[in-house]
Amino acid sequence: MTNSDFILEMVNVSKTFPGVKALDQVNLSIRKGSIHALMGENGAGKSTLMKILYGLYTPDEGGDVFFNGQPFTPKAPIDAIRTGLAMVPQEISPSANLSVAANFFLGREIKKGILIDQAAMNEQTNKVLEELGIPMKVETLMQDVSVAKAQLLAIATAVSYEAKLIIMDEPTTALTESEVHQLYRIVKKVQERGIAIIYISHKLGEVFELSDEVSVIRDGQYIGTKKTTDITKEELINMMVGREMDEMFQREDVVIGETLLEVKHLSLPGKFEDINFTVRKGEIFGIAGLVGAGRSEVVEAIFGYKAAESGDIYLHGEKIDIRKPADAIQHRIGFVTEDRKLTGLMLNMSVTDNMIMPELLPYEKHHLISEELASDVANSMKDQLRIKTPTVDTIIGNLSGGNQQKVLIARWLLLEPEILILDEPTKGIDIGAKAEIYKLIVELARLGKAIIIVSSEMLELLSLSDRIMVMSEGREVGIIDREEATQEIILDMAAGGDVPSHDSTIQEETTSQCKTEGMTS
Amino acid sequence: DTLVIGAPMPSFADKWLSYLFEGISEFDTAHSDVDIKLTDANEDPSKMLNDVDNFIDANVNALLVVPTDVAIVKPIAKKAGRAGIPLVIVNRLPNESTMKNVDAYVGSESIQAGIIQAESIVGMLDGKQGNVAILMGVLGHEAQINRTEGNKQVFAKHSNIKVIAEQEGRWDRAKALQITEDWLQAHPEINVIVANNDEMAIGALLAAKKAGLTDADLIISGVDATPDALEYLGAGLDSTVFQSAKGQGYGGAEIAYKLAKGEKVQKMNWIDFELVAEEQKAEYLSKY
Amino acid sequence: MIKSANNSMRKTSYTEILNKYGMLLILILLFSALSLKIDGFASFRNIFSILEQVSMFGIIAIGVTFAIVTGGIDLSSGAVVALASVVGASIVTGTEGYGMTIFAFGAAMFVGSICGLINGTITAYGRIPPFIATLGMMTMARGVAQLVSNGRPVDASSDAFTSIGDSAIFGVPSLVIIYVLVAVTCHIMMSRMSFGRHVFAIGGNVNTAKICGVNVEITLLKVYILAGALAGLAGAMLTSRAYAGNPTFGNMWELDAIAAAVIGGTSLAGGVGSVPMCIVGALIIGVMNKGLNMLGVDPYWQQIIKGMIIIGAVLLDAQKRKKA
Amino acid sequence: MIKSANNSMRKTSYTEILNKYGMLLILILLFSALSLKIDGFASFRNIFSILEQVSMFGIIAIGVTFAIVTGGIDLSSGAVVALASVVGASIVTGTEGYGMTIFAFGAAMFVGSICGLINGTITAYGRIPPFIATLGMMTMARGVAQLVSNGRPVDASSDAFTSIGDSAIFGVPSLVIIYVLVAVTCHIMMSRMSFGRHVFAIGGNVNTAKICGVNVEITLLKVYILAGALAGLAGAMLTSRAYAGNPTFGNMWELDAIAAAVIGGTSLAGGVGSVPMCIVGALIIGVMNKGLNMLGVDPYWQQIIKGMIIIGAVLLDAQKRKKA
Ligand SMILES: Nc1ncnc2c1ncn2[C@@H]1O[C@H](COP(=O)(O)OP(=O)(O)OP(=O)(O)O)[C@@H](O)[C@H]1O
Ligand SMILES: Nc1ncnc2c1ncn2[C@@H]1O[C@H](COP(=O)(O)OP(=O)(O)OP(=O)(O)O)[C@@H](O)[C@H]1O
Ligand SMILES: [Mg+2]
Ligand SMILES: [Mg+2]
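Chains as they are written, first to last, in our numbering: chain A, 1 to 521; chain B, 1 to 288; chain C, 1 to 324; chain D, 1 to 324.
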């Protein structure tokens, strides 16, 4: 059964969770030194398969796994690590109170006698990080490191295990374009060392850029493996979703109405300064920028989660006072936050409970919440967004990452918001579901709602937004119309394109100024 | 110049002791040249040692101690001896070798209370079969150990009396009430309940009442003769044992005061237990 | 595919039942085992007696469950029982009639609420861990109880008042009726009212709760006030049962109450818990206490066995779930 | 941008200092205030006396800190003190010489370790909440202590043994020396050894720790064994100081120990804590206890004030951080 070409072979691997057959007789073979992309819809079982490899889940009886030709049954991650496997998990959550170097060497500290040799660890961490081109202060506590940096660090850590096979589970979800390119570089460097990589991603671009081979699983079943050069994007999409689909979302136009939301001189010193923009009914307003540009902070301020220090917000031309999220909800503003774990999920509660939380009143009968009503509504959302879960009473923590995200979007759709703010809404969502969410967003716009969408995915912004505001280091660099926007212009502006400070009061003026700026640079 | 007496006390949440403290403060208010400071060890011997240390550090003129348990007197006596501070122990009698380092003792022998209590029951049973259940205080407390011991010594001498159950009522009325409920269900043959203190005895009689038993069905006996208990005497409670709390407090303070002034005192000052039955109710009530 | 889905559906419900009712099973096993050993253990009278004994700390456990579900804790409940009992007894002693009785119950609950209000304020607005806030309150409430009572039991001689602890309606002890009423009300509050949802949300993820517009501070305040009021109620019940208030009452009850909640499956990490299961947890402790007493187990051994049963029950439950 | 970055840098370090040393400041303030009020409070003798009084529960607090940093807790330490004291006293009584003394200390620590091993096993392998595991152990250890000692104090008459609690080296009480040695060792373990790193990692995020190959179970086992052994050591120290072992020893010490850890900034959520700050926390409690006693505050009021100081200290600390 074994073949010396393969570093890893999985044969007929299955995994059953209560209520879910997550994997059904899956086969997967990874060539030595190759980059092998693993694709499939949300909840297809990719992460589960990888967790089995890493000793985090025990597979059902009957399957076989061979590593380097040897039978491989890890009981715990330590077994996997010792055998030569390393993993960058989908949800990285490092120990916040340990330093970068301490996290890097966690579980394999360098010792001098019985004590930890911190100096040596710092030095070696530094060395590896420099080699991979990830500049970082190694003494910094992880809590002060951005999500993107933490992601790169996790990859660097995996690399440094001297593994023969590294699993990367959606490594780019927390990264913006420029960091993604940094990641490509790192991945290729790793491959040069003869290390094989399993690369899980929902992004076709990444897969075709990086991988040698691609395997697809659907509904827990193995569909097939292809050489990346032998397959087109369309064919790959077909393998994944089982039908024809366009890669690029083609949105239809909707009528844009009167001004709904106006943001004037919004400032939170240290985070963002003097943000001005308006959003009209039916409009989809994008916000672009590099990680750390302060986009999330701006929308959090609008929603009242971390209120701004100065500036005004007008709704329907009237000044409104939003100090806490409850105020925003009162004004029918919805907010899909960026960080699922931190501000989104209530992990050990049910799908229904997670959905209905912002507004319980509609589910009340005689002042009591009706479970039936809530379940009905949750079920209809489940169907509408094709959320893959055994029941709506399932604990949300047991859903796959993408399906969790869908629940969160459903949460705010249920509020029937006037304004819906979405911060990185398709993080970790598969192509099919993405298209569904885009459709939903456009549908909301058609109903006269205003949409604000923060995204690091340029294609997403370009294909959805009517206008795009670009931010850089807490400043608003400019606002450009859909027709003029291109990837290059936005990137240029986001990198801090030298736009003269604008104290203009008229939005249009600012926008045109920026346009020129973007063009010329 | 006022004299300062340090008085580490075992617990401020104990009814009987609270009357003892009253005796101490009566002495304090009656004498303008003395200031008595009380501390609460919360039943923790180690806390009591800390309190003693603190008083020694504060250079008090005498120590007046009701120990949490008799074993703790040994290090207390050592500490007091080293600092040259006279030491009066009240209510709980340490062993002989420790007593050598103690200047004076005021009180009785706890075991006596148990013996007196048990003997009253022997009398009340008058040869009838006695099935006894014992409600004990917090396990390990000096009074729990010795009172129970006294009970058992007496009962062992009488073949008509059998101890069929014993549990920890933690000096607590509510806990004793619960335990007695359970006993009366499991052992309907119980006809005597002996409690290490009156609070538990009251708990037992409440349980008996709730179970529909009458005064005649059950002999209940406590220790302390506190005012509440005296109220129940004859109305469920059959006997209790009096030990003058105020007398011990006042007497102990007086001896400590004398020692602080450098006067000579008698070393052993016995205050005996007295059996209180229904007939003496009025007499003892008037003591409070 | 359909077959496998079916298969797994059956499995789910099996696991879910174990998840939900595993502890109930353990309670039934425990009760049956003791019934075989002890004559009359499986009688109505005994069951009511157990319920009556459990009612007081069981009510506390319900309040504590709310606190734990928010991710907090309440260590002050035992001390609040003492304070409330002393206050209630002082009010009612020597009086007559149900008016004063109700007033005394109200006062006890009010005192408890005030303690809870302080706990809640410190926790919600001071942002200090509830463990510390309620630990401080535990010391303070006990101190105040002793101060008020001068360290002595306070007689609660009022026939109307003590009749609450003594009487039974259609054979059901009044205290049990109070327990049931409180449990039903709190169960509805927790599972069917938005307050309850907010409690779960805070425990599930406090940031999310905020984002979803939950007023976290007010909700926490309400939770601790509720827990305090229930502890006060338990104090009044105990006072009427024992015919006296006492500053030593309720010693370590907070631990029994927390144990009851956790045995009932409430997660100390917050976000998980229910009133009915909290009752099951309390009953396990109550049945065990009664059984050990009736068996006449040596008091030293009782403690050892009690510890083993608590650990054993939770362990058994955890194992069962793992396997399923 | 650069300016604002600078600004925030300055802010950070200021906050960090307050974060780290806020409680130390509060300790110094408390001590100074009491020194002004009480003659001789600021003397070496008094300081050593405070340290001696703190040493025992301070050592427990260190063990508890490890448990809390992993996200757990240890409620059994007070009961383990009792058990260890009884065992130690039984061994040493009537013997002579330092050989038996060392043996008795060793035995006390061994008994503590066994309790810790059980706690750890149940927690790590049984996957039941440490709150319940150690609550059960608390009841059991106290029961065994009473069983072993027949519920009575056990004399520890051995001059060599009791001299440990009595003697001083260059004016420093031996118990204080033991405390310092334990603290230094544990500080090194926590901050400079991979064991300590793993403790933090588990508390920070147990899944990440697992993925990084940390043996979570073994680490937890070690933590609870350490906590148990330290409680055992404290028991032996108390026995030598009190000339006796006693099954009532260490009552509620676990709460004081946890309070000390939390006052010192250890987060009950896990992942944060340090030995030096745990000592500061223990000293705040010790200074407060001593000060209140020496001021002659009424015992009822002492409890109330004690509760207020504990809450106040943590509150002050939390407020300071918020502002900074
Ligand atoms: N611990 C668990 N308990 C129960 N069900 C689980 C558990 N983990 C995963 N599942 C289920 O297994 C299926 C596969 O999940 P998995 O996380 O492997 O999907 P995925 O392919 O990684 O999806 P995504 O792209 O969204 O990350 C899902 O239906 C999920 O609900
Ligand atoms: N996990 C983190 N810990 C500490 N600081 C962070 C973290 N993430 C971001 N920051 C800081 O917060 C500020 C804003 O970052 P943030 O990531 O919210 O910006 P953004 O433009 O919204 O980017 P994103 O695309 O990630 O939403 C930056 O100064 C950044 O360094
Ligand atoms: Mg996944
Ligand atoms: Mg952001």
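Please keep in mind that the hints were generated in silico from the structure rather than gathered at the bench. Treat the hints loosely; a few may be bogus.
Within a straight-line C-alpha distance of at most 30 Å, the following computed BS3-like cross-link-like pairs (lysine-lysine) qualify [to be verified]:
no., chain 1, residue 1, chain 2, residue 2
1, D, 222, A, 75
2, C, 306, A, 365
3, C, 306, A, 137
4, A, 324, A, 137
5, C, 222, B, 152
6, B, 281, B, 258
7, A, 319, C, 306
8, C, 222, A, 341
9, B, 162, B, 209
10, B, 152, B, 128
11, A, 306, C, 306
12, A, 324, C, 306
13, B, 79, D, 222
Check each numbered hint against the structure and report the violated ones by number, ascending. Violated: hints 2, 3, 4, 5, 6, 7, 11, 12, 13.
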